[in-house]
Amino acid sequence: MDNLFLMLAPLFSSKLLLVLFFGTLFGLILGVLPGLGPTTGGALILPFTMTLDPLSAIVLLTSIYCAGTYGGAITAVLINTPGTPAAAATCLDGYPLAQKGEAGRALGMATVSSTVGGIFSVVILVFFAPILAQLAYEFGQPEYFALAIFGLTMLASIGEGSPIKNLIAGAFGILISTVGKDFMTSIDRFTFGINELTEGIGFIPVVVGLFAMSEMLTQSTLINQVFNRIALKAIKLPSKDDYKKTWKTILRSSGIGSFIGVLPAEGGTVASLIGYSEAKRFSKNPEEFGKGSIEGIAGAEAANNAATGGAMVPTLALGIPGSATTAVILTGLIIHGVRPGPDLFREQPDFLYGIFGAMLIANILFFIFGFFGAKIFARITLVPNKILWPMIFAVSVCGTYSLNQSIIDVWIMLFFGVLGFFMRRYGFSVVPVIIGLILGELVEGTLRQSLVIFEGNWLMFFSRPIALTFFILSLIALAFPLIRSRKIKKK
Amino acid sequence: MKNVQKLKRANKSLPFFFKDEFKVSFVIIFISLILLLTTFTFDIVPPILNRGIQPATFPKALLILIIAMTLIVYYLASKNPWKIEKKLSRSFFLTLFSFILFVIVSKTLDFFLAISALSIFVSYFWGEKRLFYLLLVGIIFPIIVFIFFETILGLRFPPGIITNIYYS
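First to last, the sequence lines map onto chains A and B.
Each residue of the first sequence is one higher than the last, beginning at 0 in numbering that gives the first Met the number 0.
Each residue of the second sequence is one higher than the last, beginning at 0 in numbering that gives the first Met the number 0.
Heads up, some of the hints might be wrong.
[Claimed, not checked] Computed spacing ranges between beta-carbons, pair by pair: (1) Asn223/A <-> Ile142/B: 27 to 35 Å; (2) Thr50/A <-> Leu75/B: 47 to 55 Å; (3) Phe479/A <-> Thr40/B: 37 to 45 Å; (4) Ser13/A <-> Ala67/B: 54 to 62 Å; (5) Phe29/B <-> Ser13/A: 37 to 45 Å.
[As the list claims (entries may be wrong)] Pairs of lysine-lysine, BS3-like flavour, derived with a Cα cap of 25 Å: (6) Lys290/A <-> Lys374/A; (7) Lys99/A <-> Lys374/A; (8) Lys486/A <-> Lys78/B; (9) Lys374/A <-> Lys239/A; (10) Lys99/A <-> Lys232/A; (11) Lys82/B <-> Lys486/A; (12) Lys180/A <-> Lys86/B; (13) Lys235/A <-> Lys374/A; (14) Lys18/B <-> Lys85/B.
No lab work stands behind these hints, which were simulated from the structure alone.
Cβ coordinates follow ideal geometry from the N, Cα and C atoms, glycine included.
Same shape as in the complex, but just chain A:
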């Protein structure tokens, strides 16, 4: 009962309500604009959060996360381009339905299923995050090391693209985290005599570079691309018949999304693809999929929004990000002096339940904004890239500079922008780099501390049951893509 009251606290704070309002609005705008999204937007807004108290800052970031994930559906339905990668599966049926003159119906279903998926995942978060945090009390350094390794292998296993390329990207992310003074012995590593590098490479320049700047370079190759926009008259709530057809799909996808979200991977993107394919598998009319199936939209949208709450579970309970956007939220927590993990649940329940409540309210708010404002948000896609991206550049540069007031950070951001462009061009996902960077210190720190405990005996890792379980799960995660590709070949 106390926790429920704590969850509703944001409703009674005018400041938090205002933050939620702007966060949801901003998240929707970011989600609607192709190429941007909650990860890039969160990274861009991070410097501004320094003017806020920790709870308001995290509420702002989480509301951007929830609304941004939904916002991608508007663009997917109206211009057949996912506003966010998580909305890719929504294009498959959303756009064909819109072409049939039913854009309002498609968006109505996307809005309802996103809201249900989002709220479902918050319930999962409220119940499972404390349980996971309780379990984490049993974790020592070797267990955390094994958990981080499991997280990285899962990323390779169920993330998008080639598993080996994902692993290379993850290892590269960890390598970036080793730049600067070694945190245990203060010995310089990869600093090349540059003083600014002794503090290491910051998270924000890398994220803004890999997401925003590499996207700017990608957009530069697409300037002649023409979008066929479908006009939206009004958004329609699903009919009784539509609800009858889709309620099972929405619930199933909400469950799938929440589960996938908990696993450290590309959260919403993978969740929506699995949610969509499962909706097709269970459908009585699978032949309608790809031609404007309302179940297809419901399956994809419920799953991608359900992944938001799921991804927050390991982020808050263990300090292991469940997706790229939660990596940004995790950075937000750290720079505001909040250490995620079991102690957070014991010492600051008001803070934690405030976040849960804010996510719940954000899901309701984006339903209202989406329902009444989809037509206006759809017009945002009319802003030409030749105006939009130079503006994003100005914000990116100033935002990156502002954290440490260092011009080197801006150059690092540009370097990672170019690198990110070529990584994406040749099929290397940039998300594992981010996760690797954020987990890097944990991986190395726990490994070295474990070796101190074990007096250098590596085999002792296997004497700890929880660590051993995570290592076995890591091996399964690595073998999974091989088994999957063999199965596909056999078919």
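Starting from the known structure of chain A, fit chain B onto it as the hints suggest.
Then chain B, alone, in the frame of chain A:
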């Protein structure tokens, strides 16, 4: 799908050193080897201060892992070639050039001027020819951003010919 197969077949006929998979693998391995050599220059801590492993051991292991995995990627690509990527457009190179221009201008002249120059340059070469919009993205918007960061976040931008005028 057919198009991808066609591009993959076209790639198969290229000499190995022209193939993207070779070029990408070569660059990754080359840089990793340089970094691996660099790790041998890291200071070694005496055993009493050594926490589990030497500071160079962890990055060394990572680099060896990256090299090994890159070799696997290259081996797999030799069986299943990558598709040939489209040639990069002129606008891409101009945008890339504008990044370099930004670094030079921000270092030698002024940070604000560099943002302004890049914004106008990119907007113009991406097809914006209307003066008002060029002024909007190149001058009006950067001024708003500048003032916002300066007043709300209390940021002090690096000195330069324009910034100095503002601060004086």
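### Message
If I claimed the Cβ atoms of Phe479/A and Thr40/B lie 37 to 45 Å apart, would that claim hold in this structure?
### Response
Holds, at about 39 Å.
### Task
Could you say whether the range 47 to 55 Å given as a hint is met by the Cβ separation of Thr50/A and Leu75/B?
Between Thr50/A and Leu75/B, where Cβ atoms are some 49 Å apart, the hint holds.
### Task
For the range 27 to 35 Å, tell me whether the beta carbons of Asn223/A and Ile142/B fit it or not.
Between Asn223/A and Ile142/B, where Cβ atoms are some 31 Å apart, the hint holds.
### Query
Range hint 54 to 62 Å: satisfied by the CB atoms of Ser13/A and Ala67/B?
Since Ser13/A and Ala67/B have Cβ atoms about 57 Å apart, the given range 54 to 62 Å holds.
### Query
Is it true that the CA of Lys486/A sits at most 25 Å from the CA of Lys78/B?
holds (18 Å)
### Query
Would the pair Lys290/A and Lys374/A pass a check requiring their Cα atoms to be no farther apart than 25 Å?
With Cα atoms ~23 Å apart, Lys290/A and Lys374/A stay inside 25 Å; holds.
### Query
Given the hinted pair Lys374/A and Lys239/A, is their alpha-carbon gap at most 25 Å?
holds (24 Å)
### Query
Is Lys99/A within 25 Å of Lys232/A, Cα to Cα?
It holds: about 13 Å lies between the C-alpha atoms, which stays within 25 Å.
### Query
Taking only the CA atoms, is the gap from Lys99/A to Lys374/A under or equal to 25 Å?
holds (18 Å)
#### Entry: Hint check for Ser13/A and Phe29/B - Cβ pair distance inside 37 to 45 Å
violated (57 Å)
### Task
Mind checking the alpha carbons of Lys180/A and Lys86/B for me, to see if they're no more than 25 Å apart?
Violated: Lys180/A and Lys86/B sit about 41 Å apart, past 25 Å.
### Message
For a C-alpha distance cap of 25 Å, please report whether Lys235/A and Lys374/A respect it.
### Response
holds (12 Å)
Checked against the numbered hints given earlier, the structure breaks hints 5, 12 and satisfies all the rest.
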